[in-house]
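Participant: For the record, the sequence lines run as chains Z and B. Residue numbers for the first sequence follow the numbering used here, so the first one is 1 and each next one is one higher. Residue numbers for the second sequence follow the numbering used here, so the first one is 1 and each next one is one higher.
I should point out that these hints are in silico values taken from the structure, not numbers from a laboratory. Wrong hints could be hidden among the right ones.
[Said to hold, decoys possible] Simulated pairs of lysine-lysine, DSBU-like, Cα-Cα distance not exceeding 30 Å:
| no. | chain 1 | residue 1 | chain 2 | residue 2 |
| --- | --- | --- | --- | --- |
| 1 | B | 445 | B | 403 |
| 2 | B | 214 | Z | 209 |
| 3 | Z | 208 | Z | 318 |
| 4 | Z | 208 | B | 134 |
| 5 | B | 403 | Z | 318 |
| 6 | B | 349 | Z | 208 |
| 7 | B | 349 | Z | 318 |
| 8 | B | 334 | Z | 310 |
| 9 | Z | 209 | B | 75 |
| 10 | B | 415 | B | 403 |
| 11 | B | 295 | Z | 310 |
| 12 | B | 187 | Z | 209 |
| 13 | B | 403 | B | 390 |
| 14 | Z | 310 | B | 349 |
| 15 | B | 295 | B | 334 |
| 16 | B | 334 | Z | 318 |
| 17 | Z | 209 | B | 143 |
| 18 | B | 75 | Z | 208 |
| 19 | B | 390 | B | 415 |
| 20 | B | 349 | B | 415 |
| 21 | B | 410 | B | 390 |
| 22 | B | 142 | B | 187 |
| 23 | B | 75 | Z | 318 |
| 24 | B | 390 | B | 349 |
| 25 | B | 250 | B | 204 |
| 26 | B | 295 | Z | 209 |
| 27 | Z | 208 | B | 334 |
| 28 | B | 250 | B | 187 |
| 29 | B | 35 | B | 266 |
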Amino acid sequence: MINERNLPILATLLVFIMLYGFGMYQYQGFRDTLVFSNLLTDNAFLIITAIGMTFVILSGGIDLSVGSMIAFIGVLMAYLISNTGMHPLFAIGIALVVGVAFGAAMGVIIAFFEIQAFIVTLAGMFLFRGLAYLINLDAVPIDHPFIAGLYDIYVPLPGRGGLTFIAMAMLVLLALGILIARRTRFGMSVYALGGDSHSAALLGVPVKKTIIKIYALSGFYSAMSGVIFAIYTGSAYPLAAVGVELDAIAAVVIGGTLLTGGVGYVFGTFLGGMIQGIIQTLITFDGSLNSWWTKLAVGGLLLFFILLQKGIVVWVKKRSAS
Amino acid sequence: MSHLVKENVQVKETLIVEERGKEAQSAVRPLLEIKNLSKSFTGVQALNDVSLQIQQGEIRALLGENGAGKSTLIKVLTGVYPRDGGEILLDGSLINASDSGHAQRLGISTVYQEVNLIPTMSVMENLTLQHQEKTFGLISWKKAEIRARELLAQVGLEIDPLRQLDTYSIAIQQLVAIARALSTQAKMLILDEPTASLDSDEIKQLFDLMERLKSEGLGIIFVTHFLDQVYSITDSITVLRNGECIGTFKTAELTRSDLVSHMVGKSLEDLAPTAHDHSIKRERTELLQLNNVGKQRYLQPLNLSIAAGEIVGVAGLLGSGRTELCELAYGSVKPDQGDVTLGKHSLAKSSLRRAIQVGMGYCPEDRKQDGIVAELSVRENMILALQASKGWWSPISMAEQQKLVEEMIKRLAIKTPDMDKPIGELSGGNQQKVILARWLITHPKLLILDEPTRGIDIGAHHEIIQIIKELCEQGMGLLVASSELEELVMFAHRVVVMKDHHKISELDGDEVSEQAILRTIAS
């Protein structure tokens, strides 16, 4: 069904198909499943972060702390595994609990002290980065057979490609995100809050509780992303994932979510993250272009999507007025 | 004072006796009982010892002028504000709603004038929000759609529940809001000015629905400004004034003139017929002319002309269309029919800047929201309109600004230590004078004032009325809307009486008196 709500995500899908189609048309190598499975693996940590960010933006907020959270969680895991000899599974468990707790704490401050999410999560961004340095100043390898074992899990696909553990984890988290957004009361409360927070309160939506849950969820997803990033790189570095919060926001917006909140889909965010990956891959395939062209293309797309959304909003208003 | 209080108590006592009698007859306890409810905000007593009872299957009108306490009462009932004292009983048991959601679960649902739904969600999502049915812990949209269709059918709507809410008209959104309010097994339904943006067919649809709900035993509180609607749908009327419950009356037994008297706090008999000189001494040169000017769902088309040196007052109850008339005349809201002319200039389609250039000025009702820029200085606030009419590319020199402002401060006796003080720090009366000054330095031919004396002290009140009279003597035309009849009759040469967004009458010269205006409103 084509209606005003689905238009941005349809545009995203179109851009995705066009870019992928262009790659397949232009380059022989692009037609192999390897490219697709690499896209899934290489962009997994960004997409996972962006899924959490989707809930935040849907509610009309923003979370700038996610990049630092990824670095902090990685360093924390490395410390727990190497220095205390803890089994990675426990380390991951602790890392996730810490991520959720920090996210929830930011949510409490935002909800109860009514401070803008921008400022609170900006403080979180500096804080987590600082905490990461407090634990460890340098890049350290995460050496553990269990982590290596996870990295080696591989389900081959037809062609040369295959699903890594990282890609599969991302797809599971994506499915979970979609379910939470569309099939739970919490998810609908997020949409309601972003659509009109005043009305949402009058309709009986527990506003403060929902806000805390949103930032806790974003904390969970960025911590999960930190875990995946650590497995992906096999190391931890306090300066990792600088600026990822902005890439995640870009993925969410290119994925068709309205920056003002209330409208958008988690699946769109997946496409938005993939689109950024495709642009990068295309530039690599081209070979003559500098990798900074990725930023240029992402910037252009972002602008296009923001204008598209504005256009749709104006169009809907005009139509309902007439 | 004590005499008044005593009288009030008596009124209440007789009412209670009446209610008891009714109770004995029908042998049921009231659905909703409010006992001695009080609520104050930083020293202002918004509700003072209000008591009332509503039976099952009763439609009760809740009436009162601005500041009477209607919305405070509703917000206390639904738990949006905590109460200072008193009890609320629903179905005989004490309730204490902590928020709107809690009130809904208890059985009190509210539909507000501004549709309080989520515009970006679908009709179905709005209807089922917080009450979604689940299968295996997940929301079942199949069940939700069935439920949504049931609820829509209940209010007689046949629309696609999957479409986004804001693609439908306000009227439909309003009905969706009612459908939602009913979905929570409501025992009490509060409708807070639901008809303000509906046309007559839609209102009829709403009334049919209300009748049906009434027959199903629901209690309904209906807040409205439209007296016709009060008489066509309600069983009883509770009037609030200045936070006090003036009384509860059977609709059939209360005449309109008594109702209006209760609302404004003046009885017709007490008012002197007329004592002011309302004639214009000079020759008429027409200034502002509204020719069949109207806007759908806003103001019924009307004619009006104002001559130079004439003050035309706009009277009417709250929500009767006073402000709407001012906005259309000024052009901040564009009429969709008719023509506005000022002198020789037709203004119906031109920009506000053009209107200001040809001599129009407007001081809006809500000073804080529309009038002053609190952070800017007295001087900057005063110079705004003149600068806007000149365009921002031809700045007024500082020396010239200071000269103009100095003059105005002296002329209007504005009390401010210096002209660079932020206007937010001035008293209400002085802020109002600054806004007047803002327009006076543009040398308007016609000045529109909406509630020029609201919220200012008595001394400043008198001064502003003096200024209005002086401006008129200097040949300016004025259109003044006010809820205070007393002040209107003091200076107006003619009074336009508004009711239900219609101009119902125009009183001229000797006809202008408080009594006559009230009579016209009540007729």
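Participant: Now tell me if each hint is right for this structure.
Facilitator: Now for the hints, and whether the structure bears them out:
no., hint, verdict
1, B:445 to B:403, "22 Å, holds"
2, B:214 to Z:209, "36 Å, violated"
3, Z:208 to Z:318, "34 Å, violated"
4, Z:208 to B:134, "23 Å, holds"
5, B:403 to Z:318, "46 Å, violated"
6, B:349 to Z:208, "47 Å, violated"
7, B:349 to Z:318, "20 Å, holds"
8, B:334 to Z:310, "25 Å, holds"
9, Z:209 to B:75, "22 Å, holds"
10, B:415 to B:403, "17 Å, holds"
11, B:295 to Z:310, "28 Å, holds"
12, B:187 to Z:209, "28 Å, holds"
13, B:403 to B:390, "17 Å, holds"
14, Z:310 to B:349, "27 Å, holds"
15, B:295 to B:334, "8 Å, holds"
16, B:334 to Z:318, "17 Å, holds"
17, Z:209 to B:143, "26 Å, holds"
18, B:75 to Z:208, "20 Å, holds"
19, B:390 to B:415, "28 Å, holds"
20, B:349 to B:415, "39 Å, violated"
21, B:410 to B:390, "24 Å, holds"
22, B:142 to B:187, "28 Å, holds"
23, B:75 to Z:318, "33 Å, violated"
24, B:390 to B:349, "20 Å, holds"
25, B:250 to B:204, "22 Å, holds"
26, B:295 to Z:209, "44 Å, violated"
27, Z:208 to B:334, "41 Å, violated"
28, B:250 to B:187, "21 Å, holds"
29, B:35 to B:266, "26 Å, holds"
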